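Respectively, the protein sequence lines represent chains A and B. Letter by letter, the first sequence follows residues 1 to 500 in our numbering. Letter by letter, the second sequence follows residues 1 to 368 in our numbering.
Check before you lean on any hint, since a few could be wrong.
[What the hints assert, rightly or not] Pairs of lysine-lysine, DSS-like flavour, derived with a Cα cap of 30 Å: (1) A:K273 <-> B:K30; (2) A:K375 <-> A:K365; (3) B:K264 <-> A:K273.
Calculated directly from the structure, the hints in this document are not laboratory data. Remember, it's a predicted structure, so these values are computed and weren't measured experimentally.
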Amino acid sequence: MNAAAPILALRKATKKYSGVPAIEDVDFELLPGEVHAIVGENGAGKSTLTKVMAGVVNLTSGEMLVEGRVVSAETPTAARELGIAMVFQETSLVPTMTVAQNLYLGQERFFNRLRGIYIAAQQFMQSLQFDVDPTAVVSRLGAAQKQMVEIARAVLHKAKVIIFDEPTASLTPEEKKYFFDLIANLKQRGVSVIFISHALEEALQVSDRITILRDGKHVVTDETRRFDRARVVQAMVGRDLSQTLYGQRKTKVRPQGRRVLSVQNLRMAAMVKNNSLSVFAGQITGVFGLVGSGRTETFKVVAGVAKRDFMHGGEVLLNGQPVRYFVPASAVRDGIVYVTEERKLEGFFETQSIAGNIYLGLLAKLRGKRKLVSKTEAASVGEHWIKRLNIRAISKNVKAIELSGGNQQKVVIAKSLVQEPELIIFDEPTRGVDVGAISEIHQLINRLADEGKAVVVISSYLPEVMSLSDRILVQRMGKVVEEFSALDATEEKIMYAAIH
Amino acid sequence: MIEAVRQWTERVLGRGEAAISVPVLDGALKSNRLIEDADVVAELDAPEDLASDGASLFVADGTRVMRVDGVGAPAVDQTFGATVSALACLPRGGIAVALGGREVRVVGGPHDGRRFESAGGHRLHSVNALAAGGGDVLWATDGSQTNPPDRWKHDVMELGRSGRVVQLDLADGSARERAAGLAYAFGVGAVGDDAAWVCESWRHRVVQVGGAQSGQAVLDGLPGYPSRMAPAAAGGWWLTCFTLRTQLVEFVLREPAFRKRMLKEIDPRYWIAPALTSGNTYLEPMQGAHLKTMGVVKPWAPPRSYGLVIRLDERGLIRYSLHSRFDGKNHGIVAAVERDGWLYLLSKGRRRLLRVSIAAAEASLAPS
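Build out the structure end to end from the sequences listed, making use of the hints.
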């Protein structure tokens, strides 16, 4: 394999934003039919590197070669014509169109038969073993299903190189298995795959070679068999985090405080069915379940982001008092915050600065008590939280969109914590976040529980649920079906409860 | 008028009072089999209450008070002319008993022979729990002014709100009412010199009477009906819940026409109401449920009775709990008392005195 000429290569690739290098003098080679994992902390330059290949951004200096020829992929269309497709971390689907329409977007004929498109899409999705209704409108799909459509679209375009940016972040274990089978399938067909993932086990499991970036620079590229988890982490962060991340099993759990939240017989359409659970102060309550188990929806109802059934929707009690929120602001004022899993869509305003975003969180809490918006206060609040959460940015005035995933997540968290909540719901808090930031976010979550806050962590990643939670609730088909103390929970037990 | 519209709206939309939702047994209330697996100390005829002076255990059984010394069998200690509906050991010696719910009498000790038949200008009607307070104070819960202790089921189905707490002074024989209008006062524990925690069963809560926090709920939204409580040796309390709330009973409680007709026409044994024991006859009402096994939904009917004891800390926070689940028999736990590292429990439903090793229970609930 190593003897083959690279299908795609970058030489001395440098990309600078406002003079600040995101990647610098990076050399990279992708061989035909190989699965190549790129790993690194958030801000290491992985996304920039792959965006250069996909024509989303252009190099400041250096060159790109496809099959030995120097090329210039200045637009995604140009890259696609060169056979390079990218499946983005955040979906680029048109939310108001159906799955089938999204799949065939750009390939329309003069006369289009919708039924024909649906049938073709159905057959294609089935061939990939993706259980997604082609007639469903994309905005109604869950994150995992959107991801599946993204992947399917790239495969459909018969790309020679497919770049996956965090493809498995929102997939269930079963869906991940299908996805890995799909990668194996692509590999057999001679397609080269670039795979960015923060789940190191996945990178170690599916890739042939691994490239590690740190601070925009190339650290090492080697065959996967020469790596183990510790070496990867060491190379990524320059320090050994393997024991602090998911390595250690809990030996002690926090005692249960007073009951802050009681959900009783909650119903929400077909997603939440007669769900009952409690959340206690001074504890981290982990919520695990497969995609579609109604975890997010349950807590969105609690936080006023979604509404329960109009009739016989059950009860939500905050500190023993029944509550029903029609907008999140009311929940925020009562001390409930929801840190969304869709940070780019729901978490922050892309074009606002870090300080501006955080200040907006404060204003939501104080609405009605403030007559004027103070830029000075915004700056000082921003500065305080940038320091407290160690948000890495050139300045507090940097736009949120320009930050790395981990730092964006910290902004979303800061925006919630500035509201001084009593109950904090984290939905996939480390999705698309690098290991360094994961460790910091975990420390923050633990600190909140130690301070006596009621903390809920919804996560699809079992090691995360097990390493963070004091008690673990497992949801299946719209309701909690099992509860474990973190001391007697095992991955097998949790997964069994989630599936059976 | 506005209240009537609100109630009608809630009934139509299934919200508020009409939500018919029941708190879940989770967290420290997660179920186990500790009560079901408890040692059986004695089978009794009509057990009602437990008390301990540290050395001996006293059991109210019908008209008798039985004494259990060490690990021996119960022996008759006292016999009365009426059913003993509550029992307490006094710090300066002797015991206090409630007879038929209408009289509190002291037997033995410096106040031997002291009797109380009324408090606050009303006759005692349904005394169901006694607890010694500081000095010569004795706290008592008078469950209902309309129903005697053995008609508690009538009280819950009539939505009784006539319970009260009385404070009896053993030294001078005075009695005063400390709280009234309670939704069945059942269980009391003295906290400090002039305050007590009182269980308000039909409101599923424990409230404080007296002191700075008087009238405030210590523990609210319980999934069961709280009953008697007793101090724990390591601090805090043992709180019994004689059965769990169910959606079926909660539904019937919100249906006045159905309820009134049921009370009028049906034998109380077959009411849709909380029960201390169930599953004894096919005539009993059932609550529909189902299990999904191997992909097949199988209907079944969970019983209406349950066994539950809750360990509270000094602040009223739940630390852990002991259960006899729906598949068990040691249901209807109405009293719990700690002695020599053992927790003695009275299963009124099964008419048994049980005991559980506290150390073993705590070890089993804290896996390493």
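### Message
I'd like to know which numbered hints this structure contradicts. Please list them from smallest to largest.
### Response
3
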